[in-house]
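Colleague: For this one, chain A is given, so just place chain B on it according to the hints.
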Amino acid sequence: NAGVTQTPKFQVLKTGQSMTLQCAQDMNHNSMYWYRQDPGMGLRLIYYSASEGTTDKGEVPNGYNVSRLNKREFSLRLESAAPSQTSVYFCASSASTGGEGTAGHEQYFGPGTRLTVT
Amino acid sequence: DAKTTQPTSMDCAEGRAANLPCNHSTISGNEYVYWYRQIHSQGPQYIIHGLKNNETNEMASLIITEDRKSSTLILPHATLRDTAVYYCIVRVRETSGSRLTFGEGTQLTVNP
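Residue numbers (our numbering), protein chains in the order written: chain A, 119 to 236; chain B, 21 to 132.
Bound-form chain A, shown alone (with noise of 0.2 Å):
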């Protein structure tokens, strides 16, 4: 059981370049998410994915496309890469799909992705 897995660990791109980051989980998890993480802040949502087949924004999604290829899966595209997207990228998901008194609300990371844009 490996939890939630994300790919690479590491890139670094040139400004303009696009890539994809990946995220899959095996706990059969209903939602998933993706956060960035700037040097000494607190993670920031940048989109979610409360089950398979839907999407939506979160605080910070301009310069970011997702796409929740399956119950598993979870990726984040950068389409034009900026140097303000220097950052760590964390995955995670959770088995809720929200609503009042919903257990399972707690989220499970992944090791994340550093993100370096020259």
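Keep in mind the hints are simulated off the structure, nothing from the lab. A couple of the hints might just be wrong.
[Claimed, not checked] Subject to a maximum C-alpha distance of 25 Å in a straight line, what follows is the list of computed DMTMM-like cross-link-like pairs (lysine to aspartate or glutamate):
#1 B/Lys72 <-> A/Glu224
#2 A/Lys127 <-> B/Glu124
#3 A/Lys127 <-> A/Glu224
#4 A/Lys175 <-> A/Asp144
#5 B/Lys89 <-> B/Glu75
#6 A/Lys132 <-> A/Asp156
#7 B/Lys23 <-> A/Glu177
#8 A/Lys189 <-> A/Glu224
#9 A/Lys189 <-> A/Glu170
#10 A/Lys175 <-> B/Glu124
#11 A/Lys189 <-> A/Asp174
#12 A/Lys175 <-> B/Glu51
#13 B/Lys89 <-> A/Glu224
#14 B/Lys72 <-> B/Asp87
#15 B/Lys23 <-> A/Glu224
#16 A/Lys189 <-> A/Glu177
#17 B/Lys23 <-> A/Asp174
#18 A/Lys127 <-> A/Asp144
#19 B/Lys23 <-> B/Glu51
#20 B/Lys89 <-> B/Glu124
#21 A/Lys175 <-> A/Glu197
#22 A/Lys127 <-> A/Glu177
#23 B/Lys23 <-> A/Asp156
[Said to hold, decoys possible] Quick list of simulated restraints, FRET-style, between CB atoms:
#24 B/Gly35 <-> A/Arg232: 41 to 47 Å
#25 B/Asp31 <-> A/Ser185: 41 to 47 Å
#26 A/Glu177 <-> B/Pro41: 22 to 28 Å
#27 A/Gly134 <-> B/Asn39: 46 to 52 Å
Computed from a prediction, not measured in an experiment: that's the story for all the values here. Where is the CB? At the ideal position from N, CA and C, for every residue including glycine.
Modeller: For chain B alone, kept in the frame of chain A given last:
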């Protein structure tokens, strides 16, 4: 969304209890309090959550005041491996999904 306030940093001696406070005075009646921690360079790790009652698990205890405006995370016997940033989060209720809003957290340093 309810905002949380935590001290920027705290120190604790190894083997002693670490008590991490959190204020969430604008919490609404059905919002949960969650605690996560992040050890340097790793992804955050879920610790515990609660609504009204105090909670305990194998990692920690969570004490929520009766008016729910503040809470305390207790690590009963802190070890060096507990050195991390601890985040107190009030869950945003959504019709779908379960977004967490991370603040800057408390840097806990456990000293030998």
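Colleague: State for each hint whether it applies.
Modeller: Status of each hint after checking the structure:
no. : hint                             : result
1   : B/Lys72 <-> A/Glu224             : holds, 17 Å
2   : A/Lys127 <-> B/Glu124            : holds, 24 Å
3   : A/Lys127 <-> A/Glu224            : holds, 24 Å
4   : A/Lys175 <-> A/Asp144            : holds, 24 Å
5   : B/Lys89 <-> B/Glu75              : holds, 16 Å
6   : A/Lys132 <-> A/Asp156            : holds, 18 Å
7   : B/Lys23 <-> A/Glu177             : holds, 15 Å
8   : A/Lys189 <-> A/Glu224            : holds, 18 Å
9   : A/Lys189 <-> A/Glu170            : holds, 5 Å
10  : A/Lys175 <-> B/Glu124            : holds, 21 Å
11  : A/Lys189 <-> A/Asp174            : holds, 15 Å
12  : A/Lys175 <-> B/Glu51             : holds, 21 Å
13  : B/Lys89 <-> A/Glu224             : holds, 21 Å
14  : B/Lys72 <-> B/Asp87              : holds, 9 Å
15  : B/Lys23 <-> A/Glu224             : holds, 19 Å
16  : A/Lys189 <-> A/Glu177            : holds, 23 Å
17  : B/Lys23 <-> A/Asp174             : holds, 22 Å
18  : A/Lys127 <-> A/Asp144            : holds, 18 Å
19  : B/Lys23 <-> B/Glu51              : holds, 11 Å
20  : B/Lys89 <-> B/Glu124             : holds, 19 Å
21  : A/Lys175 <-> A/Glu197            : holds, 16 Å
22  : A/Lys127 <-> A/Glu177            : holds, 24 Å
23  : B/Lys23 <-> A/Asp156             : holds, 20 Å
24  : B/Gly35 <-> A/Arg232: 41 to 47 Å : violated, 34 Å
25  : B/Asp31 <-> A/Ser185: 41 to 47 Å : holds, 44 Å
26  : A/Glu177 <-> B/Pro41: 22 to 28 Å : holds, 25 Å
27  : A/Gly134 <-> B/Asn39: 46 to 52 Å : holds, 49 Å
The structure is inconsistent with hint 24 alone, although it conforms to all the rest.
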